[in-house]
Amino acid sequence: MVSFRKFGVMRKLLIISIALVLLLACTKKPDPVSEPKSEDKGFMLMFDNYVNSDKLIYDKYYLNENKDSFKVSAFKYYISNISLKSDDGHNYIEEESYHLIDNGKDSSKIISLKGVKAGSYIQVQFLIGVDSARNVSGAQTGALDPNNAMFWDWNTGYIMAKIEGYSPQASKYPNNLALHIAGFKHPNSVLRWVTLSLPTVKYAENQKVTVHIKTNLAEWFRTPNLIKFSDLSIVASEGKEAQKIADNYADMFSIDHID
Amino acid sequence: MIRKISIIFILSSIAFAQSCKPDPDMDVKAEAPLAFNVPQGWPTPSYNYSNNPVNKAGFELGRKLFYDTKLSKDNTISCGSCHQQFSGFAQIDHPVSHGINDLVGNRNSPPLFNLNWHTSFMWDGGINHIENQPIAPIQNPIEMDETMANVVTKLQADATYRSMFKAAFGDETVNSQRIAKAFVQFMGMIVSSNAKYDKYKRGEAGGAFTQQELDGYNVYKQNCATCHAEPLFTDFSFRNNGLPPTSVNDSGRAHITLSAADLYKFKMPSLRNLKYTWPYMHDGRFNTIDQVLNHYASGIMQSPTLDTKLSGGIALTDQQKEDLKAFLNTLNDEEFVKNTMFQEVK
Numbered sequence: 069m070v071s072f073r074k075f076g077v078m079r080k081l082l083i084i085s086i087a088l089v090l091l092l093a094c095t096k097k098p099d100p101v102s103e104p105k106s107e108d109k110g111f112m113l114m115f116d117n118y119v120n121s122d123k124l125i126y127d128k129y130y131l132n133e134n135k136d137s138f139k140v141s142a143f144k145y146y147i148s149n150i151s152l153k154s155d156d157g158h159n160y161i162e163e164e165s166y167h168l169i170d171n172g173k174d175s176s177k178i179i180s181l182k183g184v185k186a187g188s189y190i191q192v193q194f195l196i197g198v199d200s201a202r203n204v205s206g207a208q209t210g211a212l213d214p215n216n217a218m219f220w221d222w223n224t225g226y227i228m229a230k231i232e233g234y235s236p237q238a239s240k241y242p243n244n245l246a247l248h249i250a251g252f253k254h255p256n257s258v259l260r261w262v263t264l265s266l267p268t269v270k271y272a273e274n275q276k277v278t279v280h281i282k283t284n285l286a287e288w289f290r291t292p293n294l295i296k297f298s299d300l301s302i303v304a305s306e307g308k309e310a311q312k313i314a315d316n317y318a319d320m321f322s323i324d325h326i327d
Numbered sequence: 015m016i017r018k019i020s021i022i023f024i025l026s027s028i029a030f031a032q033s034c035k036p037d038p039d040m041d042v043k044a045e046a047p048l049a050f051n052v053p054q055g056w057p058t059p060s061y062n063y064s065n066n067p068v069n070k071a072g073f074e075l076g077r078k079l080f081y082d083t084k085l086s087k088d089n090t091i092s093c094g095s096c097h098q099q100f101s102g103f104a105q106i107d108h109p110v111s112h113g114i115n116d117l118v119g120n121r122n123s124p125p126l127f128n129l130n131w132h133t134s135f136m137w138d139g140g141i142n143h144i145e146n147q148p149i150a151p152i153q154n155p156i157e158m159d160e161t162m163a164n165v166v167t168k169l170q171a172d173a174t175y176r177s178m179f180k181a182a183f184g185d186e187t188v189n190s191q192r193i194a195k196a197f198v199q200f201m202g203m204i205v206s207s208n209a210k211y212d213k214y215k216r217g218e219a220g221g222a223f224t225q226q227e228l229d230g231y232n233v234y235k236q237n238c239a240t241c242h243a244e245p246l247f248t249d250f251s252f253r254n255n256g257l258p259p260t261s262v263n264d265s266g267r268a269h270i271t272l273s274a275a276d277l278y279k280f281k282m283p284s285l286r287n288l289k290y291t292w293p294y295m296h297d298g299r300f301n302t303i304d305q306v307l308n309h310y311a312s313g314i315m316q317s318p319t320l321d322t323k324l325s326g327g328i329a330l331t332d333q334q335k336e337d338l339k340a341f342l343n344t345l346n347d348e349e350f351v352k353n354t355m356f357q358e359v360k
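Heads up: the protein sequence lines correspond to chains A and B, in order. For the first sequence, my numbering begins at 69 and goes up steadily by one. For the second sequence, my numbering begins at 15 and goes up steadily by one.
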């Protein structure tokens with residue numbers, strides 16, 4: 069009898085809590101326009117932009133592999149479909165995984181991964197660019213808002229990565245550099261997968277782990293395709309030139325350190 | 015015990031149902047539901063509002079945006095300036111469009127109707143989704159020359175718009191996505207399906223074809239239907255119908271695909287509402303149906319991408335031409351061009 073009573077109370081509680089959850093679930097969520105704030109715990113990816121061993125600073129001059137000098141006024145790229153692999157084979161896949169890393173905006177360089185389970189992580193994987201599905205799904209918001217100046221309105225699709233700047237060697241549009249790398253359809257897709265091995269990262273849910281990823285902008289101009297700004301300083305459509313640069317930047321990421 | 019539990023359950027379900035109701039002031043606006051209906055016998059549309067439930071408040075917001083010159087840089091041009099209802103939402107008498115600062119474009123403003131069936135937008139099909147269409151003219155330097163970011167700022171500063179966004183989407187947030195979705199709640203609802211032809215097909219009053227119209231229907235079936243396919247009178251494919259390129263040398267579909275195989279191909283226009291939508295073709299080079307038929311009879315330019323069906327041209331007798339024109343006349347939908355639902359609210 070007592071146990072039956074207890075059972076009843078528990079059922080009541082259970083039902084009430086279900087009702088509460090449903091109630092809460094029904095209150096309208098605001099649109100996800102604001103960026104996630106960095107927290108003091110959790111699993112983070114932090115992107116640090118470099119030109120070889122120097123931190124990327126706007127309006128400072130650098131040399132590319134061909135010894136052309138250049139400076140940068142904008143450096144932005146999309147990172148999407150982030151996943152982590154753990155040593156026991158369970159994977160973390162980020163939901164709604166679309167991030168715009170904008171060198172001019174520090175808050176954009178930290179990605180806080182929600183819901184990562186405790187474990188030993190050995191690999192991080194992501195796509196440079198916005199997957200083709202979101203290029204054909206109509207109007208988007210948040211990181212994918214066309215107002216982020218990373219969207220072609222005349223030939224629907226995202227600019228996956230861009231550099232804007234200046235080089236005395238650049239031959240077109242008085243020395244402007246404008247490399248807008250776009251295209252999601254075969255054979256002009258510039259989407260590139262990146263897989264980085266981690267020195268095993270032990271993560272417990274109340275802990276803070278930051279994986280620092282170094283992005284080397286110099287890779288855009290190095291291998292496999294040496295870029296001379298006298299030949300190539302403007303990319304404003306899909307095609308071979310965008311492909312060349314995408315093949316180059318596919319390996320611009322490396323794990324710098326973890327803390 | 016069991017009874018108690020069920021009472022609690024019923025009460026909590028009521029609470030659940032209550033909490034899921036939209037705001038009270040949304041209820042008022044949403045009370046007159048607006049449905050997107052697929053006309054009888056038509057194919058499934060490409061866009062069906064599954065991610066953008068259409069309601070009256072959203073439609074009204076879309077209509078206001080469509081006719082608002084605020085969306086242009088100098089507040090002079092609206093979508094409605096180039097897409098006028100009396101001309102089937104094309105720009106009548108303008109071979110090529112006429113935008114901000116009297117700048118003219120390279121292409122003819124196409125009519126806007128039955129857009130939810132389109133598989134791509136613009137003459138070259140560069141835009142792959144209807145929700146991505148409105149941003150293009152807004153940001154085009156020779157059309158409205160404004161940035162979408164500025165449009166968001168302008169609308170946010172306007173109390174009327176803020177309350178219209180709230181009515182349509184539940185809160186006052188204005189962003190580019192909501193603007194796009196509201197546009198489609200208006201534009202996509204512009205359906206033209208009440209021409210005499212439609213009544214004929216549905217066996218409705220006013221749909222009886224004359225002998226000449228029936229003969230013209232056959233001429234159409236034999237010569238035009240493979241490309242301008244029923245019931246939308248286009249199959250939305252890209253084809254080259256043999257128009258000699260002009261000095262503008264518009265490469266058409268190849269501009270987007272960068273493929274030589276697509277040179278001078280354009281998105282197939284519909285044959286509905288031709289009475290209102292002249293001039294014709296992507297650059298508005300023809301003013302009359304007779305000129306169009308003369309083109310098909312003797313003006314076709316041979317080229318590697320010319321559609322094979324047209325390599326020999328389409329020669330019609332004078333009688334066939336008259337019959338065909340009588341049939342094309344049955345595709346003009348007077349109800350659509352006069353429908354007050356689509357008019358600017360002054």
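Treat the hints as calculated values from the structure; they're not laboratory data. Heads up, the beta-carbon is just placed ideally off N, CA and C, and yes, glycines get one too. Treat the hints loosely; a few may be bogus.
To be verified - Simulated coverage check for chain A against chain B, where a stretch passes if three residues somewhere in it have a Cβ under 8 Å from a Cβ of chain B: (1) 199 to 207; (2) 211 to 218; (3) 222 to 233; (4) 303 to 310.
As the list claims (entries may be wrong) - What follows is a list of derived Cβ distance ranges for each label pair: (5) 134(A) to 275(B): 52 to 58 Å; (6) 205(A) to 251(B): 19 to 25 Å; (7) 352(B) to 183(A): 39 to 45 Å.
Results for each hint:
1. 199 to 207: Answer holds; 5 residues pass the 8 Å Cβ test.
2. 211 to 218: holds (count 3)
3. 222 to 233: Contact hint for the segment 222 to 233 of chain A vs chain B: holds, 4 residues under 8 Å.
4. 303 to 310: holds (count 3)
5. 134(A) to 275(B): 52 to 58 Å: Violated: the Cβ-Cβ distance is about 35 Å, outside 52 to 58 Å.
6. 205(A) to 251(B): 19 to 25 Å: Between residue 205(A) and residue 251(B), where Cβ atoms are some 23 Å apart, the hint holds.
7. 352(B) to 183(A): 39 to 45 Å: Hint violated: Cβ distance 56 Å, outside 39 to 45 Å.
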